[in-house]
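There are 2 protein chains.
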Amino acid sequence: MRQINDARRGHKAELIKRVAKLEGVSSRFIIDGLKKGTIVIPANRLRNIKTPCAIGKGLRTKINANIGTSPYYGNVSEELKKLDICVKYHADTVMDLSTSNDFKAVLKSIIKKSPMPVGTVPLYEVAVRAKEKNSSFAKTSVDDIFFAIQRQAEEGVDFFTIHAGVTEDVLGLLKKHGRIAGIVSRGGALMAKWMKKNKRENPLYENFDRVLSIAKEYDIALSLGDGLRPGSVCDATDKPQIAELKILGKLARRAKEKGVQVMIEGPGHVPINQIEKNIKLQKKLCNNAPFYVLGPLVTDVAPGYDHITSAIGASLAGYYGADFLCYVTPAEHLSIPTLEDVKEGLIAYRIAAHSADIAKGIKDAKGWDKTVSIFRTSRDWKRHIKASMDPEKAEAIHKRFKTETKDICSMCGEYCPLKISEKI
Amino acid sequence: MRQINDARRGHKAELIKRVAKLEGVSSRFIIDGLKKGTIVIPANRLRNIKTPCAIGKGLRTKINANIGTSPYYGNVSEELKKLDICVKYHADTVMDLSTSNDFKAVLKSIIKKSPMPVGTVPLYEVAVRAKEKNSSFAKTSVDDIFFAIQRQAEEGVDFFTIHAGVTEDVLGLLKKHGRIAGIVSRGGALMAKWMKKNKRENPLYENFDRVLSIAKEYDIALSLGDGLRPGSVCDATDKPQIAELKILGKLARRAKEKGVQVMIEGPGHVPINQIEKNIKLQKKLCNNAPFYVLGPLVTDVAPGYDHITSAIGASLAGYYGADFLCYVTPAEHLSIPTLEDVKEGLIAYRIAAHSADIAKGIKDAKGWDKTVSIFRTSRDWKRHIKASMDPEKAEAIHKRFKTETKDICSMCGEYCPLKISEKI
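The listed protein sequences derive, respectively, from chains A and B.
So that you can map any letter, position 21 of the first sequence is 21 in our numbering, and since no number is skipped, the others follow by simple counting.
Converting from the second sequence to our numbering requires adding 1000 to each position, the first position being numbered 1.
Watch out, some of these pointers could steer you wrong.
[To be verified] Distance condition first, Cα-Cα at most 20 Å in a straight line; then the derived PhoX-like pairs of lysine-lysine: (1) K419/A / K1175/B; (2) K139/A / K1423/B; (3) K175/A / K1216/B; (4) K419/A / K1197/B; (5) K50/A / K88/A; (6) K360/A / K1277/B; (7) K196/A / K1423/B; (8) K1277/B / K1370/B; (9) K370/A / K1108/B; (10) K239/A / K1370/B; (11) K419/A / K1139/B; (12) K1419/B / K193/A; (13) K423/A / K1370/B; (14) K1423/B / K193/A; (15) K139/A / K1419/B; (16) K175/A / K197/A; (17) K1419/B / K175/A; (18) K239/A / K176/A; (19) K423/A / K1196/B; (20) K258/A / K216/A; (21) K423/A / K1193/B; (22) K1239/B / K1250/B; (23) K1196/B / K419/A; (24) K131/A / K1175/B; (25) K1216/B / K1036/B; (26) K1131/B / K1104/B; (27) K423/A / K1199/B; (28) K1419/B / K423/A; (29) K370/A / K1239/B; (30) K36/A / K284/A; (31) K17/A / K81/A; (32) K419/A / K1193/B; (33) K1175/B / K1131/B; (34) K199/A / K1423/B; (35) K1176/B / K423/A.
[Stated by the list, open to error] Pulled from the structure, derived: some chain A residues nowhere near chain B, Cβ distances all over 10 Å: (36) S77; (37) V142; (38) K196; (39) K239; (40) K250.
Rather than coming from a laboratory, the hints here were simulated on the basis of the structure.
In this text the structure is predicted, and so the values were computed from the model without any measurement.
Even glycine gets a Cβ: it sits at the ideal position worked out from N, Cα and C.
Just chain A, with the same shape it has in the complex:
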């Protein structure tokens, strides 16, 4: 891989050193993971990332926050505020999924300001450009698609979602098999529409080598999108989903052979009892490439709370081996997220990632819990709150009701078990 070759030549040694230090592992461990394809470092060679991250086996579970405008809401200033929230609440990466007319300005600003890796779905740019010309995505040419990929690579994007697995065969299976929720991926739906209109194979699949060349040139990590991820727990782990995953596994192998970093995107909506199977299957079919999951949501019934329905699935997925969790906000299925939604989504996902790290035995993960618990047990409220994930919220709740003495809270008062048992 280019990153490895660079490392050998000393160019990227610094980046590897930094991520190794952040993880508390050796550079050798990172280099081995890069070689095996079990670790990626999304970092466009044009960018100087302040807080880079490595994603993959043996490392802390990472979280991504999707930000960006929609045709109906958002602008540069709003998205930069979302980015500030991502920094404040410790996202590891952000994806700019903008689809407004000023998408170029938004992406440029986010890349300029973001201290962390930035990802995109280049197809969205293709769709917005087509709209600008009063055309539609289905009428775009293969060159239009690669124009956007190339442009975003030059802009400095660190990782791309590429929907190359939605092939004619897979769509045939979907038609035959049927589903409750059809296609719920924007990139997947756009691609399926293009293929139907043009009666042609998926252009990203057919021209995958062209994708690889650009990715290699800029050292962009590819994230192979799951255009047919299930959008209902009733559709989970069905034939179209697995057929696409098999194709992604083959494409991942080709990427690896070409020296391009690659990870695989995964569902979606999956019942708790199918999560382990989904992770094991991805690892097996994709040669242990890092797995980047969206949730999964463990039930479909709670729009407004999908940060919770999906954090349940994400924590389990992380425990079973998913490496990278794409957050879901309370606005999922209903609206574009607000600043507050971004925060809520991020907190839910930090909880998911951290609880997964404790469970899978990531070194020192439990240390944070120990610290918080020691302060809690001694009712050292100031430190307890300061050490917690969201000190502002914890403090606001704690201060709501006054108590006679400061070493108890308004829940138990003098019947505080910690205070009582301390004296025993």
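Since the structure of chain A is provided, determine the placement of chain B on it from the hints.
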């Protein structure tokens, strides 16, 4: 069991019939579960419960909401408002944990108004009564304790948490073993204090037959409290916890022999990877008595969000076989919950229980998801929102931003994958 004997005599046949209908199982299935001790129906014979519930193997996972005053906050009117929220958001049971001076009035009002089973921890009444007399819990007599149990039984309480497992042996183990977070159960801490002060064995343990007599008389279900549940993921599944669980298993057997309905309370704070083991151990040691878990929280670091840290654990616990989930609110570890906190806790736990039911294959559990997903896929917003868990919140989020046509939302706009793929 009394409930069985009653059923045989036709007295409680109606109650069994009603819970069977609610669950979509036969009365025979419920009766068999009651006989085996794998199902309980908390229902004081003095009460006429409008929405009774059965808890246990093969049934929907149930959720309990803790309400009640603290020494610093709450009163009859406030607690009845909390009860209204419990009804609105479908709690299966409530526990009144009041510790204010007007605890009697609160309990009476809750029992009178609650359409669902009501539980308590009678020790709290003992503690408040002692305080009223300017005394302390440690100075109360065994008769004082049984006075409260008898009084609450006559008041109509449907299930009691009884901390009979905190024995001298177990406390010795705790002292020897050490812990980050000591004793985090109020009942457990009060009992340990009493035992130390009086240099005597746990009076609920020593007089367990007396507890059983009262429970049998009123057909109150016992919930054997885990006074030594871990309060930090660092303490999970430690020797004191397991030693107490073994005692609870023996007490459960005694209850069953006497014809008293019994369930077992469980942790607490448990890392994801230890949850399955905890459930299996309880089932084994307690002869498959229903397991009533508090969460468990899968990390200690997020006070302010413990409805989420614990809903993750609760959904997994439910999947592995826990029967009854005690909710946790965002105020946990910080303050007494407000009305809004009660709602947030309940929603998180309905998500946990429902996702567990899908995963463990409870009949028709997925039907709700199918309905919501069908409406979602057809962008029938009105029905989608109406069928969801919290229509008010879903609608508020959906309406935030306007779109040109009504069949899309402000997230994807015209790039709505469902709309695009519908046309394919």
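- prompt: Can we trust that K239/A is non-interface, i.e. its beta-carbon lies farther than 10 Å from all of chain B?
  reply: About 17 Å separates K239/A from the closest Cβ of chain B, which puts it past 10 Å; holds.
query: Do the alpha carbons of K360/A and K1277/B lie within 20 Å of each other, as the hint requires?
result: holds, 15 Å
query: Should the label of K196/A as a non-interface residue stand, given a Cβ cut-off of 10 Å to chain B?
result: Given that some Cβ of chain B is not farther than 10 Å from that of K196/A, nearest at about 5 Å, it is violated.
task: Take a quick look at whether K36/A and K284/A sit within 20 Å of each other, Cα to Cα.
output: This hinted pair holds, its Cα atoms lying about 14 Å apart.
- prompt: Is the straight-line distance between the alpha-carbon of K139/A and that of K1423/B 20 Å or less?
  reply: Holds, at roughly 15 Å.
field: Pairwise hint evaluation, K1199/B against K423/A, where the allowed Cα distance is 20 Å at most
entry: holds, 15 Å
Pairwise hint evaluation, K81/A against K17/A, where the allowed Cα distance is 20 Å at most: violated, 31 Å
- prompt: Are the Cα positions of K1175/B and K1131/B separated by 20 Å at most?
  reply: violated, 28 Å
query: Regarding the pair K419/A and K1193/B, is the alpha-carbon distance no greater than 20 Å?
result: holds, 11 Å
message: Beyond 10 Å on every Cβ pair: is that true for V142/A relative to chain B?
response: Given a closest Cβ separation of 19 Å, the condition holds.
query: Taking only the CA atoms, is the gap from K199/A to K1423/B under or equal to 20 Å?
result: Distance ~15 Å between K199/A and K1423/B Cα, so the pair holds.
query: When you look at the beta carbon of S77/A, is every beta carbon of chain B farther off than 10 Å?
result: At about 17 Å from chain B, S77/A clears the 10 Å cut-off, so the statement holds.
Hint check: violations occur at hints 3, 8, 9, 13, 24, 28, 31, 33, 38; the rest are consistent with the structure.
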